[in-house]
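**Q** Can you build the whole structure from these sequences, using the hints too?
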Amino acid sequence: MDASDEFSSFHESIKTALLQTTRTVNHISSEDIDFHRNSNPEFAESLDEESARLLSLTSSLLRVASAGTDIKAPPVLDDVDAVEDNWRGVVDVIDNLLEKADACLDEFTGIIKKLSPSQQDAATAAAAAATRKGDSRQQDAAFPSIYSYGPSKIPKPQLLFHRAPDNTDVSLFRPLLTSKPNAIVPLEKSLRQKGNPAFYPNPYEKEIRKAKYDKSAYTVAPPIEFGPAEATQPVWVDTPEAVAEMVAELKEAKEVAVDLEHHDVHSYHGLVSLMQISTRDKDWVVDTLKPWREDLQRLNEVFTDPKILKVFHGSTMDIVWLQRDLGLYVVGMFDTYHASVALGYPKRSLKFLLEKFAKYEADKKYQMADWRLRPLTEEMLRYARADTHYLLYIYDCLRNELVEKSEPENNLVDYVLEQSKTEALQRFERPVYDAVHGQGAGGWYDLLTRTSTLLSKEQFAVFKAVHQWRDQIARQEDEGVQCVFPKHALFKLALAMPVDRHTLFRTLSPVTLLVKNRIPELLEVIKSAKLAGATGPDVRDVVKPRRAAFEAAPSVQTPPVVSKAILAGDVRADSSQFWGSALKQLEVATVPGDVKVAASLEAMRLSLPIPPMPATISEVQEKLVPEQPSQPSAAQRPSAKPDTSEIFTVKQAAPRQKRKMSEQPEVSDSTSSSGDSSSSSSSSSSESSSDSESSEDEKPAKKQRKTNKKKKSNAQQRAEEETTPFDYSSAPTVLHAKNTALESAGPQKHKKPFNPYAKSLNAPSGMRKTKKEISGRTFTFSK
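Per the UniProt record's numbering: the sequence shown = residues 1 to 783.
Simulated from the structure, these hints should not be mistaken for laboratory data.
Don't take each hint at face value.
[Claimed, not checked] Below, in silico cross-link-like pairs of lysine-lysine (DSSO-like), each with a Cα-Cα straight-line distance of 27 angstroms or less:
no. : residue 1 : residue 2
1   : Lys153    : Lys72
2   : Lys212    : Lys405
3   : Lys516    : Lys72
Just so we're clear, the structure is a prediction, and the values are computed from it rather than from any experiment.
**A** Right, here's the structure in full:
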């Protein structure tokens, strides 16, 4: 049986057993184990026996796995507490086993070949046999993903570069150009610093701005069919002689397609690991990890020639990487991404364009491949070549569609030209770590604004300190920051703030080798930051400050800490739909210098945004309306509708004026005419003696005269109230006020208060509660 087939069957059996075990464990854990343990002693005893057996088996396996290594096996695991106390040792043994298994699988699949020539030849023969058989499982197993964030399994090629990377250098990046072909401005003049603060401009800025497309880019022409990729093999370029031959052939072309493969996991700044270049009839794959990689500047003879069209897709990062690593610049570029935008395609990816025009389905899992691998696998080489092999045909299709949809006032080809120039004018700048404000691509400020986690002062200080420590370690080791520990582990450290080794290992598990060798250093950073954070700034003062208050009063002198917080940005509106313009920003002059007090005021303002209210209504009238003569009476007011835009008080606009508390309130007609005998007797009690001998037919007339008299007195009262403003300061209090209307009306028949539970009491009673029988006791009855 073939070794690969035997391994595949073994892998399937192991996978099936693990899946069945996982399902069983999940099913058991979903049951109420504690209930069954307490209710069934036999089950509890059986469960304890199985737990002891599993712990004993685990201890034996750990001892066997750590035999012959420098890792010390944990002691015997007796119970759950022993597992928690020795968890760090268990993780170390498991990590060692996984690393061994990973290395063995890599050697078995041929990703990493041993140094002996015979083994290399055997591995090459095995890979060729697997390719002939079309074993897709073998190809999938050989896929080297960049997301295995452990130690790099491939030696770092940057250690052999003629110009080794210096991650501690934070000075201005000077272009790597040693010569400037196709120049309009000489090289010496192009490398002069400009601006304040100073910077090095793009050396080909003048040439890029003056570049124009050839007339063929504005003409509809049949797309030139691409040849089948299987019919030819790409040319592998890994020597200076091969580079010279490639440049000579590229100079004869009118259009070239370019693409890059980048690696940024095991390098702080990143590495251009591969370059693909294609013409109409040939493909090149350039190894950009050679020690002489900067000699590839010879490609500037092609890349900066405005007569040769360079076709990229999504060149935003490609332009920066070419400048940073190889000193290459692009003049006369056509970016198919911006062409997709101009045409309004639903998707703008290269995968979409390949499927739409070339009918080629690219396996985009290789975007995550480790392109430092040498030699490349067949699948990786096929994927890299396809990115440029079909790109010129895609350009032909896009160009025709752009020309057809263009209008005299809106030329889509010119739009793509201007957008491509903007991409080509980019400049690489070294990232400088801002420990104070956290700004920049690798700063902590962006992480805090993207999370909803609320940190205390101590946690905020630990977060900043650990973030800076991670960046320093990554620079020293020339690794990506995620290889130290990822960002979710960074937040876990900030929240837990561990100050001992056990808690740190448990919080950061699994621990990478870069951190394991620096545990005391990391603990010291956390302890120092935690102590300093007690009196440090609050995260709200830095991440959510008040910029508008500072801009409203720039002349006011504020303390440095508060001013920095204000300048960083504002997250609050200046007005309210309810209060209008009354919600102004707090005066900067009233903001104290103490950070704690300032944060407290800001928190109160955010939680209760109510403006200060005046003490009396007269103050409101003085602020809103100046003193005016008394308002005319109702008879003197014109009948025209008043202007609703004028300022008015609630008293003026009210349809009914307040009655004086000293006078008896008016009794409505409905009340006087009701059938209630007590109400009618109280309303006519003052005249009962004089009307006792009157006939029944005179009563309605007297009642009408009495009503008219009351209406007349009420009208006079309202007229007096309209001419005389109500004095709130001398009015009696309304708190616990007596109802004078009811008192003058005499004794009233009070209505029984509503009881919502009254009807529920009418429900039938349940069964009588029986006395519980007490076991072990009897009752004695006497005759």
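**Q** Next, verify each hint and record whether it holds.
**A** Hints, one by one, checked against the model:
Taken as a hint, the Lys153 and Lys72 pair is honoured in the structure, with Cα atoms around 24 angstroms apart against an allowance of 27 angstroms. A distance of roughly 20 angstroms separates the Cα atoms of Lys212 and Lys405; the hinted pair therefore holds under the 27 angstroms criterion. Straight-line distance between C-alpha atoms of Lys516 and Lys72 comes to about 15 angstroms, which keeps the hinted pair within the 27 angstroms bound.
Checked against the numbered hints given earlier, this structure breaks none of them.
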